[in-house]
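Asks: I would like the entire structure built from these sequences, with the hints used as guidance.
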Amino acid sequence: MLALAPVLLLGACGGGGAELGEPIEPPEGWEAVGGVTQTTASEVMTRGAQGLYVAAGRAVYRSANGEDWTALAPLPADVEAASLIEIDGQPWAGGYNNAGVYRLPAGATAWREDASGLAGLGARTVLGLAVRGRQLFAATAGSGLYRRELDQAAGWVADRQGIPSNLSWNVESVAEHQGRVIAGAGGNGNLYIRTGDSLTWREVAYETFNGEALFLWSFFDDGDALLAAGNRRLYRSTDAGETWTVVFGYPRYVSRARFAATDTAIYVMLTTSIDTRILRSTDGGLSWNPAVENLQGVQGYDIGILQSTLFLAHQNGFWRTTLQP
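If you count by my numbering, then the sequence shown holds residues 196 to 520, one letter each, in order.
Worth flagging that the hints you see were computed from the coordinates, not collected in a lab.
This list has only true hints and no planted wrong ones.
Cβ-Cβ distance ranges computed for the label pairs, FRET-style:
#1 Ser311 - Thr477: 39 to 49 Å
#2 Gly374 - Ala227: 33 to 43 Å
#3 Glu226 - Arg327: 31 to 41 Å
Where a beta carbon is used, it is the ideal one built from N, C-alpha and C, also for glycine.
Replies: Have a look at this one:
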């Protein structure tokens, strides 16, 4: 399996269960992760060369083994991470509520703002980050996509040619796959592909729009195949995003979906209004089965895997469970 492609994370989910931030007792088979706050909503995770990161509000933690967690410098006041990515061993964070983008250089004791050029309605609300080569792409809540050259001092530039403005330029997900950048936007069954050095995004339908909202919450790069998790179904493409097949239909509307993987299996977290479900595929995403019992009353935000341990960030804390062979 290849590494998890960076994906966006949307706002907090509603639903049953305890109040936001109120700790709840983990169900059988799960335990709270020590060393990470359980009273602030843990929201974002990413896997990088330096280990697994989790952001809980302003707090950011990192672990190389899943047992020992190091608290990194907190994000600036009023900045809450909506997306995380590791680049060249350094974490970057995109924020909610027009917070912009920040990075934590090696050895630094404070995050540095890196948002020059993010201008326009929603441009500084950065819901997703993805790297292609030495380019960093940001998915925003209202201003489409932006691009930054990592090896240049210049800031961000708008990169949305070909994406219709009548979609309000809301981008729900972004990922790199086989040299392409692929973005889910608009809620109408279409995604957008940027190939090679082209400056234009090309529209591709992943499902026929019939009036019901169709969003893509996240992608997973499995090498020869690309997986996508939407609000109603899971999809799979074997031609770099040109055509798509539905591989799993949800019994309920899903407001958030995230992927993680081991060397032998792919996992997806599906959050509904009443529970969080985690499925597993051992055949490259062609078929899916429950990996754990449904978590009733839990609103999952993200999942991550480190050394055969599955981590779940949700609205009431940060849990883990040992994966079964």
